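Engineer: Below, each chain spelled out in residue letters.
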Amino acid sequence: MSHPKTPHVVDARYMEPPGPFVATMEMLDTLKEGEKMLLLLYREPHPLYKVLRQNGHDYETELLPDGTFEILISR
Amino acid sequence: MQALLSFENAPPFAAPLRFFLTAPLFAVLAGLLLAWNGPQLMASRWMPGALAATHLVTVGFMLQVMLGALIQILPVVAGANLRHPLRVARIVHIGLSGGGGLLAAGFLAAIPWLLSTAALLLGITLLYFLVVCVQALASVPSTSPTIRGLKLALVGLAAVVGLGMLLAFELAYGWSLPLAALVDLHAGWGLGGWAGILLVAMAYVVVPMFQLTPGYPARPSWWFPVAMLLLLLLWSGGVLGSVEWLVQLSQGLAALAGIAFCVLTLRLQGKRRRARADATYRYWQLGLTASVAALLMLLVSVLWPAASELDGWTIGFGILIIVGGFLSFITGMLYKISAFLTWLHLQNFGQAKIPAPAMNKILSDTDCQRQMVAHAVALALLLAAVIVPDWLARPAGLAFALANGWLFWNLACAVRRYRRAQADMAEKLAAL
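Here the protein sequences line up with chains P and G, keeping their order. If you're matching positions, the first sequence starts at 1 in my numbering and goes up one per residue. If you're matching positions, the second sequence starts at 1 in my numbering and goes up one per residue.
Quick caveat, the hints were computed from the structure, so don't treat them as lab data. All figures in this text were calculated on a predicted structure; none of them were measured in a lab. Take these hints with a grain of salt, some might be off.
[To be verified] Calculated lysine-lysine pairs in the DSS-like style (CA-CA distance at most 25 Å, straight line): (1) P:K50 to G:K151; (2) G:K361 to G:K428; (3) P:K50 to G:K353; (4) P:K36 to P:K50; (5) P:K32 to P:K5; (6) P:K5 to P:K50.
Please model the complete structure; the sequences and the hints are all you need to start from.
Structural biologist: This is the structure we're talking about:
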């Protein structure tokens with residue numbers, strides 16, 4: 001799945017926990033320096049945010065009208 | 001890595017567990033009280049037994065689970081960390097259990113000092129809880145409808161507790177206040193401003209996450225908690241200024257907002273991607289259906305006020321919204337949260353070397369679904385007892401006690417299996 005913001009997308013909207021976390025960490029491992037990935041979820045993943053901050057990743061979150069949170073994460 | 005890292009956010013299991021295990025016992029007491037008091041308890045909402053049973057369920061069960069769950073999930077849904085979760089849990093649990101018990105005893109025995117002591121104990125406990133939560137949420141921006149809802153629900157909690165204390169002192173010392181209007185307002189803040197907004201804020205997260213439905217649309221999600229709070233403020237203004245049409249307008253609009261939320265959730269559930277209907281899903285279906293029925297009753301009584309004078313109308317509404325609605329939502333979520341927590345703590349205990357047992361091995365869905373049937377039977381009997389109290393009040397009380405005793409048993413068995421699994425894993429880790 002691709003997206004205008006980045007080709008690296010994890011659509012975790014219909015995954016049960018801890019699926020979204022695992023899929024995100026796995027994709028982050030495959031990214032090169034400077035690349036970005038997009039996580040799609042129907043909630044804000046605060047535990048993931050904490051790990052991203054601890055590991056020095058930047059992220060931006062946008063809430064779309066359909067209730068999807070788009071989280072753009074930098075490697 | 002995932003479990004270990006997300007575990008950093010999780011308070012100790014003992015923090016929420018004490019609330020989850022105590023709550024069903026209060027509901028058992030409420031059921032036994034009905035079985036003991038019989039039809040006279042259902043004669044009017046002003047009967048001492050009815051007031052005691054209502055608060056055993058709302059304070060002893062609902063508030064107990066809600067506060068325990070909040071201590072657990074604030075870090076997960078809002079990124080807000082309580083400073084000393086176990087200490088907070090111990091203090092709040094003792095205050096809430098003691099206060100809830102004293103309050104019920106105060107209503108039953110009509111002893112003023114019991115009522116005022118209960119009101120003080122509950123007031124101080126909940127003020128402490130509110131301060132702790134405000135400290136945790138103060139630096140958290142409202143980046144999602146859930147966080148906004150959580151913050152506004154705490155306003156609702158402050159209002160229902162303040163009004164509850166006022167009413168308890170009024171009953172204890174005979175202050176001259178408009179009792180009926182204030183009791184309705186107290187119930188409105190409790191069920192709409194606190195429990196309702198909190199439930200909706202949690203639903204935004206847990207319904208899509210656990211039932212694999214589409215998300216709630218953003219715009220109404222942002223506005224629902226604000227609208228509900230404004231309507232309750234209008235209602236309060238109507239009571240203060242004795243403006244009856246304002247009270248009825250705000251009640252009617254709050255009922256419509258509640259119905260809209262329930263219908264939207266039912267529609268989302270209709271699009272779920274999980275084929276199997278588990279206990280949580282079924283509990284929510286029951287809760288949503290009962291809530292719509294109760295809110296339609298509220299709407300009817302706004303449009304035709306004489307309806308609320310009909311025999312059993314108010315008691316029937318209370319049973320539908322509290323037992324049919326909130327208890328169903330809360331128990332459904334309680335099962336899911338308890339199963340997930342046991343798994344999370346075992347996963348962490350295994351240090352990524354020993355896998356945790358599957359959630360279903362700790363808390364079987366079949367057991368939860370059987371208990372749910374008992375809850376549904378108790379609800380049906382309670383509603384039927386409103387019509388034929390002489391025959392059915394006592395059996396309904398026993399059925400309600402049995403359903404909640406069963407809930408306690410299911411949770412206690414899950415804790416026992418959790419401890420056994422932990423011991424097995426400790427042995428395996430030692431052997432590595």
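Engineer: Determine for every hint whether it applies to the structure shown.
Structural biologist: Hint check:
Proposed proximity of K50 of chain P and K151 of chain G is supported: the alpha carbons are some 21 Å apart, at most 25 Å. Between K361 of chain G and K428 of chain G the alpha-carbon distance is near 18 Å, which keeps this suggested pair within the 25 Å criterion. A distance of roughly 24 Å separates the Cα atoms of K50 of chain P and K353 of chain G; the hinted pair therefore holds under the 25 Å criterion. Pair hint K36 of chain P plus K50 of chain P holds up; C-alpha atoms about 18 Å apart against a cutoff of 25 Å.
Between the alpha carbons of K32 of chain P and K5 of chain P the distance comes to roughly 16 Å, so the proposed pair stays at or under 25 Å and holds. About 23 Å separates the Cα atoms of K5 of chain P and K50 of chain P, which keeps this hinted pair within 25 Å; it holds.
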